[in-house]
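Novice: The lines below spell out each chain.
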Amino acid sequence: MRKYLLVVLLVVLAVFSFAQKRVTITMTAGAVGKELEVLYAQLDRFMKANPDIKVSVMPMPNSSTERHDLYVTYLAAGEKEPTVLMLDVIWPAEFAPYLEDLTNDKAYFELDKFLPGTVKSATVNGRIVAIPWFTDAGLLYYRKDLLEKYGFKNPPKTWDELVRMAKTITAKEKNMYGFVWQGARYEGLVCDFMEYLISFGGDVLDEAGNVVINSPAAVRALQFMVDLIYKENVSPRAVTTYMEEEARRVFQNGQAVFMRNWPYAWALLNDPKESKVAGKVGVAPLPAGPAGRSAATLGGWMLGINKNATPEEKEAAKKLIKFLTSYDEQLYKAINAGQNPTREAVYKDPQLKKAAPFMVELYGVFINAEPRPRTAKYSELSDVMQKYIHAALTQQMTAQKAIEEMAKELRRVLGK
Amino acid sequence: MKAKTKETVVAWWMVFPALFVISVIAFFPLFKTFYDSFFEFGLNPNFPRKFVGFKNYVELFVHDPRFIAALKNTIFFTVVSVALETVLGLLIAIIVHQPFKFRGAVRAAMLIPWAIPTAISSQMWKWMFNDQSGIVTKILERLGVIEPGFPILGSPDTAMWAIIAVDVWKTTPFMALLILAGLQLIPEELYEAARIDGANVWQRFTKITLPMLSSTIAVALIFRTLDALRVFDVVFIMTRGSVNTETLAVYNRVLLMDRAFTGAWFGYGSALSVIIFALISIFAIIYIKSLRLKLD
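Those sequence lines, one after another, are chains V and Y.
In the numbering used here, each residue carries its 1-based index in the first sequence increased by 1.
In the numbering used here, each residue carries its 1-based index in the second sequence increased by 6.
Please keep in mind that the hints were generated in silico from the structure rather than gathered at the bench.
Check each hint, because a few of them may be wrong.
Said to hold, decoys possible - Going by beta-carbon spacing under 10 Å, a handful of chain V positions derived as facing chain Y:
id, residue
1, T74
2, R186
3, V251
4, N254
As the list claims (entries may be wrong) - Now the in silico label distances, taken between C-beta atoms and shown as ranges:
id, chain 1, residue 1, chain 2, residue 2, range
5, V, P98, Y, K61, 23 to 29 Å
6, Y, D239, V, K35, 27 to 33 Å
7, Y, N52, V, D106, 21 to 27 Å
All C-beta atoms, glycine included, are put in the ideal place defined by N, C-alpha and C.
Using the sequences and the accompanying hints, generate a full structural model.
Specialist: What follows is the structure in structure tokens.
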């Protein structure tokens, strides 16, 4: 009898210890700037507070395209790892069938306290499939010292003004370009193009998802980008090969008056060890177009949960995401990695104002950032847009023809 | 008789592991791709499998200008780069075949471009072609060939040539190495006899060296052509296929990776893979037939 009891006790103990077993989950992460370092510090705090969960990090390539390739491979194979996926804002619709539905956890993640635009981009057909982690928007960086030297009090308010200022300054300064941006054929080109397009009064798709790119406004916007290079000579011909980092290097070597880039550049531009223009840089919203408004493309990353994970892993993943997107952790990330919070309240925090004043001052830009066209076929749409915009920028087609062809091919791809 | 059958059985059992491995790693993917190319589907469950017969192939050749452009780019790249590599490789092989001081060191140093992984050397060259700090750009600027700030990799008329230049730089050593091995197999007596008969350098080259080298060159050509027809890394890293440099493999990446979840393109991409496979086979057969190469 005693022996019997002992066996029961052992079984109970075994079951109990099994229940107490640590859940191991994996998450993907980028390593732009100080991103990864900051994440490790955050995960240490999380694991200390949740001893039953172990999080291991799968570092990913920095290029969004390469990350996309890896995710396609994991998800198509039905892998349960990575448990937590770091997703670009343009991916939720495409990856939605593989992501855990978080619609009922809105309150748990306090989504009503997040910037509405970021929540919207995590929503696919009314389902929430990811939680916004940090946000991004296109900004205009300018040389404060040069603008002052030539008597300009404020950064340009309109694109025409930018062209005028750039021309005035480059005419007198040696070895100086007016305006550098991202003109290579890749996703960044679509981001840049959207900003001109919307500030000129055009759009790619309407509310119903119909292709409306074939408009005079779109042709004028694209023509303006072409003119920046070939007519106004404000941008170097080589912008057609520039991505973020190429533009940043030209600007931080003191060879350009204006640059369009994301918030991440701020900390690097002001690092005296790396940058020749540290302390001479200002940031402003992008200029407005003839439509009277300025537009910044919405960028950023969110966290989603792999549908193939086990229920315990999903629970642990939710805890982790709640932790990483909490007020304190977003503030920590904003200050230390320069990545913009997705919670509204963090922007009012005095600590943030001290560390990254532009984030607070340009709050309006981040909250009004324009999402790229929302469709489950985004990668196809982007691929087509990149092709024709770049063909116009390298003068293989006129702007008019490029927009017409783009519209035709978009209709074919989207079936609309 | 009985002993022979037994031996055959044993032999089959001994080759079986190799055959099994080959069928799993080589033939299965090949047949799967072939099979997939007759369907229209995406990896996303919203785009289920539908049999379409030869529709994907028809689409590619009839309605897809991007495919036709990529096909042209691929063939142009292959013909030009392989031709340059063969001529330069032959030249270099003949030079390093002559006895001179430090010959061993030169032969080893020659191989460096080939030993660097393409992904790395392509990135390195991309920097050298950079408009601001690239050394190639600076040199061409000084020589007055291009205007300052000209983007070599961003212009439709120069980008493909830049890519070909990098490929030639990278693989000529491989060509030279193969041809050098062939040169060393030619008996010295042949040249001596020719010299006694009064043959000059050019006659010795065309009557002895070239014919004796033909099978070596054929093997080298096959290797290089097959490689060039599926060129991906150089093009993808340097231009991502923009400004008229998209090759079949780069376009295939778009179909199979970028669009795997966003549309029913997976069968289409498989069809393109089959076409690349067929193209490579055709080239291989042409070489083997025309150079009367014996593979056994």
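Novice: Would you mind marking each hint as holding or not holding in the structure?
Specialist: We went through each hint and held it up to the structure:
no., hint, verdict
1, T74, "holds (8 Å)"
2, R186, "holds (4 Å)"
3, V251, "holds (6 Å)"
4, N254, "holds (8 Å)"
5, V:P98 to Y:K61: 23 to 29 Å, "holds (25 Å)"
6, Y:D239 to V:K35: 27 to 33 Å, "holds (30 Å)"
7, Y:N52 to V:D106: 21 to 27 Å, "holds (24 Å)"
Checked against the numbered hints given earlier, the structure satisfies every one of them.
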